[in-house]
Amino acid sequence: MGIEIGGILSFLVSFAIMASIYAIFSLGLNVQWGYTGLLNFGIAGFFAIGAYASALITTPRPTGVLADYVDQAIGLNQPFLVGVIGAAIASGLLAALIGLLTLRLRGSYLAISTIGIAESIRLFFNNEPWLANGPEGLSGLPQPLHGLVSPRYYNYIYLVIVLAFLALIYIALERGIRSPWGRVLRAIREDEVMASADGKDVFLFELQSLVVGAMIMGIAGALYAHFSVAIQPGVFTPLFGTFIIWTMLTLGGTGNNKGAILGAFLVWALWSWSTFFINRIVPPGFATRAPFIRYILIGLVLVIVLLRRPRGIIGEERQVSRF
Amino acid sequence: MPELIVYGIVLGSIIALGSVGLTLIWGITDLFNCAHGDQMTVGAYIALVVGSLFSRVGFLQGKVGPFSFNWGLLVAFIPAILISAGLAILIDRWVYKPLRRWGATSIVGFIASIGVAWALRGLIYILWGADYHFYFHGIRPMLFLPLGIKVRVDEIFIMVVAWAAVVAVYLFLARTKTGKALRAVADNPALARVAGIGTERMIVWAWAIAGALIAIAGMLYGIETQLRPEMGWIFLLPLFAAIILGGQGSITGALVGGLVMGIAQQVSTAWLLPSYKPAVAFILMVLVLLIRPQGIFGRR
Amino acid sequence: MTILRVEDVVSGYGSMEVLHGLSIEVEEGQIVSMLGPNGAGKTTLLRTVFGVLRPWKGKIYFKEEDISGLPPEKIVRMGMAYIPQEYNIFPSLTVHENLEMGAFIREDDIGPRMEEIYELFPDLTDRRKSRAGQLSGGMRQMLAIGRALMLNPELLLLDEPSTGLAPFLVDAIFDRVEKLNDQGVTVFLVEQNAAKALQSSDRAYILEGGEKKAEGSAQEMLEDEEIGRLYLGR
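Respectively, the protein sequence lines represent chains G, Y and H.
The opening residue of the first sequence carries number 1 in this note's numbering; numbering runs sequentially from there.
The opening residue of the second sequence carries number 1001 in this note's numbering; numbering runs sequentially from there.
The opening residue of the third sequence carries number 2001 in this note's numbering; numbering runs sequentially from there.
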């Protein structure tokens, strides 16, 4: 009995950690899309940069025998927090670069460009083994406060750490959106022409929004890296790294921070728990294919939300939604 | 290098074929269909199923002339095209048409099409699993051209079919009343309405054509390489790049764009790893967007 | 017969009301003009009559039948044709194809009708195969009218046909319009060039701020001093 409860509890803790990390991603997307109307479909790129930056910062360069197996360009061997900050900075820099190049592009064009950028980043990490060990990726990433408890209970600590980040970011954003800066962003989303007529430099604000959102995503990427301890390019697919987050935000409520968090938890619940149920229902021969039912579920969720309730469950606060 | 270019033309022809339908839809409904790649996958897999069924029938078992595939697959083209066209029309009816009715922006359609893409891909994975599938096995006969270029005999078939389909669409759009009406709706939807041309009916036609063409493209790609669930998704970036290069709604542009993407991607393998090919398409696309966002033949 | 009757129609865009209860009548066989300054609601009225906009209040009768709220696709089949002021051709289609598309809803042989249109606008004949987008302003306007005429409409709605045209072209256009009227087509046109419009019309209305300010026979309007001062720039 005790073991079963323990099993379920540990499953729930892992679930909560991933859901919270995705919640942070959703908050980042909310800044870009929910507040400012920027179509970032390259979240996977910021995800990857954040994860890899933190990994490269917090691990040492391989020496001795290990160097035969692992190729790594940088290894700074710094503590966890430095890794997270580094991830945020790297992600922010990438966003600045992307923004300078592509923010002039209209809506859907920006979306497609960001898809391409994310894919290119993934391909780059995959094909350049000297950078971060290519397709095999990096492992043995350090976990903060590891020695504090036995490995069996470590996830509880990590959950607290992730929740702390989530709470801080949430509070900061809630403050931010009510500030003059936030109001300008929303004005831009509503009507770019009018906002620029007001004398605001639209481009600068959009760039800031892109960078802030990306930094948040970078942090989430770092948190993911240290949770799973190992990362490979194959993780940062458009599915896992971008579209699932869009589904989360769309479902929870675009333009609403609480909605972002709610959406993340709901969609991640759907994703991780459906495996559990599917494995019960599906005949054994189909076991390898059953997980793909989730693809259909997530796809349907996204379409149905857009058709029935495009503002999401919670919907936007106060203002008229872009939909 | 010449071989790379030749192969690029083959690939480019398939991309061009797929792009025509995509730009047609983009021109008439302002939608960037992210599910177009996965609809291509669906078309290819339907041909796989139907083709193997047909191949059990005695007289369809033999290979078609010098090509690698048998009559079963060839005949399977027809049901695959019909089902793909029908599927495209249904998806539009259930997903994009309601969005149009509510006056949703094209961005909403874009996001919805991503959901559709996923659902389709999940379906493929469930029905056929993640393994590779092949239309046929065994040695593929080669043809030897001057300049030391080797092509597969199948690739001649691919080129002929791809361009025949393109010509058929061209003739349809240029010579038939419905075809001209389609162009009219793409050109000036408000005026088309004023003239009594039913926009929604034309959109159904557009999807039928797009569905048919992308199914053919999928089958040709399957003949060229193999079938796997991700095949269409990987194709999507070059498809998008092709239609952006060509310009919104421009068929000619899509053809040029497709060929350019095919050749550029292949030629890039002289210096880059093949897995970078999508990145090459993407970089070209961004260049177009920065230098001449309306594409070669775009107007708006 | 009163071929078109507009009764107390209120209409607009989004939440902005443009027409505040307008009533208009057009008798069969006439040329009726609607004049007034920019933003008066003239285009809005035409769009509402043709079903591009739904009337918020009021009724519209065509050939004594209630067409309020019907969509353009239905109205065009009843014998009314509309020529918008801008974007009134299919630019990437040829002249010939434009006319073909004008007759899209017809099932019969449109050859004879096409020849009639080419007779009415001879300059178009030489340019049958040209892309409509490459035509000059005057040619375009003729094509736009020709497109609408392919359906043999009984009532023609014309939105500012003189827009952007040199005076001799404006004369040519109005000349054609009068010829059409002689053949039995009722014309309801909206115009900025009030003087020219009144010379060709039987009756006229003056619209300002979404309300009818004056109505009467064209002759009366031309002679009226006050109208001349306010709207004809005398």
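Any given hint might turn out to be false.
Straight-line C-alpha distance at most 35 Å; calculated DSBU-like pairs for lysine-lysine [stated by the list, open to error]: (1) H:Lys2059 - Y:Lys1097; (2) Y:Lys1177 - H:Lys2196; (3) Y:Lys1097 - H:Lys2196; (4) H:Lys2196 - H:Lys2059; (5) G:Lys258 - Y:Lys1063; (6) Y:Lys1177 - H:Lys2074; (7) H:Lys2196 - Y:Lys1063.
These are calculated hints, taken from the structure and not from any lab test.
Verification of the hints:
1. H:Lys2059 - Y:Lys1097: OK: Lys2059 of chain H and Lys1097 of chain Y at ~30 Å, within 35 Å.
2. Y:Lys1177 - H:Lys2196: Distance of about 38 Å is beyond 35 Å: violated.
3. Y:Lys1097 - H:Lys2196: The given pair, whose Cα atoms are some 45 Å apart, is violated under the 35 Å limit.
4. H:Lys2196 - H:Lys2059: Judged against 35 Å, a Cα distance of about 30 Å means the pair holds.
5. G:Lys258 - Y:Lys1063: violated, 61 Å
6. Y:Lys1177 - H:Lys2074: holds, 20 Å
7. H:Lys2196 - Y:Lys1063: violated, 76 Å
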